[in-house]
Amino acid sequence: MTDAPASAAAAVAAVPPKRTAWRRLRKAPFTAWFGFAVILFYAVLALFAPAIAPHGESQTFDIPYDVWAVEPRLVWADLGPLSLPYWLNFEATGSMHWLGTDQIGRDMLSRLIYGARNTVGIALVTTLLAFFIGGTLGILAAVVGKGWFEIVLNRAVDVLMAIPSLIFALMLLSTFGSSLLNLVLIIAVLDATRVFRLARAVAMNVAVMEYVEAARLRGEGLAWIMRKEILPNVMPPLVAEFGLRFCFVFLTIAALSFLGVGIQPPLADWGSMVRENATLITYGDITPLLPAGAIALLTIGVNFVVDWFLNETSGLRDGQ
Amino acid sequence: MKLIFGVIFQRLALSLVTIFLVSIVIFSSVTLLPGDFAKSILGQSATPETVAAFQRELGLDRPPVERYLEWIGRVAQGDLGDSFASGAGYQRSVAEVIGPRLGNTLFLAAITAVIAVPLALALGVAAALYRNSWFDRTVNATSLSTISFPEFFVAYILMLIFAVNLRLLPSLANVGPETPLDERLVKTLLPAMTLALVIIAHMLRMTRASIIALLASPYVEMARLKGVSRRRVILKHVLPNAWAPIVNIIAFNLAYLIVGVVVVEAVFVYPGVGQLMVDSVQTRDIPVVQGCALIFAATYIFLNLAADVIAIATNPRILHPR
Numbered sequence: 109m110t111d112a113p114a115s116a117a118a119a120v121a122a123v124p125p126k127r128t129a130w131r132r133l134r135k136a137p138f139t140a141w142f143g144f145a146v147i148l149f150y151a152v153l154a155l156f157a158p159a160i161a162p163h164g165e166s167q168t169f170d171i172p173y174d175v176w177a178v179e180p181r182l183v184w185a186d187l188g189p190l191s192l193p194y195w196l197n198f199e200a201t202g203s204m205h206w207l208g209t210d211q212i213g214r215d216m217l218s219r220l221i222y223g224a225r226n227t228v229g230i231a232l233v234t235t236l237l238a239f240f241i242g243g244t245l246g247i248l249a250a251v252v253g254k255g256w257f258e259i260v261l262n263r264a265v266d267v268l269m270a271i272p273s274l275i276f277a278l279m280l281l282s283t284f285g286s287s288l289l290n291l292v293l294i295i296a297v298l299d300a301t302r303v304f305r306l307a308r309a310v311a312m313n314v315a316v317m318e319y320v321e322a323a324r325l326r327g328e329g330l331a332w333i334m335r336k337e338i339l340p341n342v343m344p345p346l347v348a349e350f351g352l353r354f355c356f357v358f359l360t361i362a363a364l365s366f367l368g369v370g371i372q373p374p375l376a377d378w379g380s381m382v383r384e385n386a387t388l389i390t391y392g393d394i395t396p397l398l399p400a401g402a403i404a405l406l407t408i409g410v411n412f413v414v415d416w417f418l419n420e421t422s423g424l425r426d427g428q
Numbered sequence: 002m003k004l005i006f007g008v009i010f011q012r013l014a015l016s017l018v019t020i021f022l023v024s025i026v027i028f029s030s031v032t033l034l035p036g037d038f039a040k041s042i043l044g045q046s047a048t049p050e051t052v053a054a055f056q057r058e059l060g061l062d063r064p065p066v067e068r069y070l071e072w073i074g075r076v077a078q079g080d081l082g083d084s085f086a087s088g089a090g091y092q093r094s095v096a097e098v099i100g101p102r103l104g105n106t107l108f109l110a111a112i113t114a115v116i117a118v119p120l121a122l123a124l125g126v127a128a129a130l131y132r133n134s135w136f137d138r139t140v141n142a143t144s145l146s147t148i149s150f151p152e153f154f155v156a157y158i159l160m161l162i163f164a165v166n167l168r169l170l171p172s173l174a175n176v177g178p179e180t181p182l183d184e185r186l187v188k189t190l191l192p193a194m195t196l197a198l199v200i201i202a203h204m205l206r207m208t209r210a211s212i213i214a215l216l217a218s219p220y221v222e223m224a225r226l227k228g229v230s231r232r233r234v235i236l237k238h239v240l241p242n243a244w245a246p247i248v249n250i251i252a253f254n255l256a257y258l259i260v261g262v263v264v265v266e267a268v269f270v271y272p273g274v275g276q277l278m279v280d281s282v283q284t285r286d287i288p289v290v291q292g293c294a295l296i297f298a299a300t301y302i303f304l305n306l307a308a309d310v311i312a313i314a315t316n317p318r319i320l321h322p323r
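Chains as they are written, first to last, in the working numbering: chain X, 109 to 428; chain Z, 2 to 323.
Derived from the structure by calculation, the hints contain no laboratory data. Do not rely on the hints blindly, as some may be mistaken.
[Unchecked claim] Coverage of chain Z stretches by chain X, computed from C-beta distances (three or more under 8 angstroms per stretch; other residues unrestricted): (1) 23-30; (2) 93-106; (3) 138-148; (4) 151-160; (5) 182-191; (6) 281-295.
From a predicted model like this one, the values you see are computed outputs, not experimental measurements. Each residue gets a CB set at the ideal place from its N, CA and C atoms; glycine is no exception.
Excised from the complex, chain Z in its bound form:
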């Protein structure tokens, strides 16, 4: 037990170091800005005084280490700075801009996970159970193709079928803060289905592969030789040992959601963090981009950490050291 806490603590420390380094990288994106940046934001007609004032506001006249320490201190308190879009009269803080959208994105991710995880596991186990049958082959070929599709391709095909042709679901997911839950669910369904399809393909292939890898181990052969049925071998002998890799797969794919969410939100005009980040990249609103990147990176690192910890915690070799 001591050993396992030691290993987990080590991972925790390692990911904290990673987040620290990542925050430096994200912070440097402002320092790396080309010299004419102030001009390109303020427009060509900006006077030298406004340019200098803008640069002072960014703090470009002070040493980078000092600025980093100040920045990270404020980030730790939830203050991500002000959006460039905030004019002279009104201030719009980055946290204020991201806040409601973060809720929307988490909602979308949650719905996707609820649809995708059970379906992918069931299909993956079934494909391993009836390996090399027509069912397995169909599932395999379909999932390999889905992996190869760009997300927006899947998104527009689903939109064409369900929104335009069958008229079952709305094609735009323009939810607002006042949208009631049932309407919100209906509007979120199409983006969630798109994301789910992409993730299911990945998760299913990995689940199937991890179960099939276990099927080659001696204890499974032993079970077979003593006459246990195929279904029982998989459900009773293989599956308990496959949980660790499967949980790892789930966490890995939830992390993958982060990338998918950016494109899918753009397709369905869903007001989430991904869409916000893309818009801010176009207007070069650096503080907002930094905030979004920080949130995405932290989530990604955290999910990978969770996967690691669960894999360690369920590994009998670490749980019961010799």
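So that you can see chain X by itself, here it is in the shape it has in the complex:
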């Protein structure tokens, strides 16, 4: 967590050519392949949600909190004060919905699938926006160098980072009200501070190179230098950071939605789905765990891939 920028910065030195990249990918450990498979699976769900989902996103049916079509049931052994499960039975219940329905009778499976589109999509847009803001300002600060612009920006980022981002987000949401646009903008700006730090640190090493000096001398403009000279050389650490940032943004938005101040109904979203169906847990029904698990699975997948990517590009291996 803390050493990511440093190790990512070391990655600048080793940009793998395309052919060896594929060779390395083939030798990637199981965890990385698992990660790729998970990401691909979610991407397919998100892109083709209307075709895959059996029902509409907000189509309601008669029975709220309907049971699963095939109910897994634990068989319990009674051991005096304690009872422990020892077997799992499956019973057909005659329900029309594979994973039952939610609190107002919407098909759970369909909402899970649409959730892939909404939850992941919103997190992705937010992360991209954060990288656009933070990356641009970070590289700009590195190219422009010492001056009031850099000082003001650095101070501002320091102060913003001194407040835990979930707390800050909660405060800003209470000021501006929780709409989707506000949510995306607030999280993007808060996370842009972290991107700014990394982009500036990495770009500062590149900005002192001779070819940047040469470009300056031939009279290239600021935007050209940032885009054509600096950006290609800071890509690998930024790509790794993108993965980690995405996880962080994804979990933050999920937490806010779970708390009821993030993505608002009727949009199908995993965080709010956990909250809306949470009461089922007390009856031993695991339905609310499904959207929560969907969030966890994607985060694990991305983490595994980033772990592998960092290992590959930086030769980050401990001792011995």
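Based on these hints, arrange chain Z on the given structure of chain X.
Only chain Z this time, still in chain X's reference frame:
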């Protein structure tokens, strides 16, 4: 010795400046309020007179610097203003609302720290000690997964196992001011376990990493070459030098608790500051939100400061300058 006090004093001054700037940011959240805010709080049917009265009460008709100075002066005396929820007949001050909940949150955090810190350190040292064994691999994979889980996922899984299936612990942590200590402990256990699991994963990975980083240093190689056992190398040679980073890790993770506590309190309906803040965000009770944010931010800055100071105070290079 002079040098170390100088460095610590510098950090102290720096964090005071940070708190000052943060208080400005938190204060501005009222100034940034959209124009129709009074209407959305008072309802659409509010007359222009009540709207104007409300805005005057917020002080929106006076210059921001003057209002900030007045606000920060009162905050310094522990007066955080009045909650919007206070009606015409009764006043509810923010300090009155936050006070008892702050105690609850601190109680939860303390229990979590008592569970998590020793366990994480022991597991982290053990994982470094038996590196690349099945134990290390299991601990590593489990902790990486736990880090990836949203807190509410861990919370509901624990609730399902311990409260619903095994019926060992209550699923709701609705403690009150009259709850006796033993009952309070039992009710707090499930939220504390959730938070502990998340923190343990972070702390354990960082402890293991900081010990393994030290294992690569020349003096450890020297100890190995003279035939010191693996266990002794770690416990006698590495660990004393690892304390500084480890203390840093503990402080860092206690600061991380602040974010975790918000979600976990909401899951278990635990009456703490986190839950209060979420409720106030929903009702847009800005003074209460400001108060909570100020408390969270101050704690966060203070913990980071403590980590910094301890890291400096235990750094031999600063303690014994050349």
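Hint check results:
no., hint, result
1, 23-30, "holds (count 4)"
2, 93-106, "violated (count 0)"
3, 138-148, "holds (count 3)"
4, 151-160, "holds (count 7)"
5, 182-191, "violated (count 0)"
6, 281-295, "holds (count 10)"
Checked against the numbered hints above, the structure breaks hints 2, 5 and satisfies the rest.
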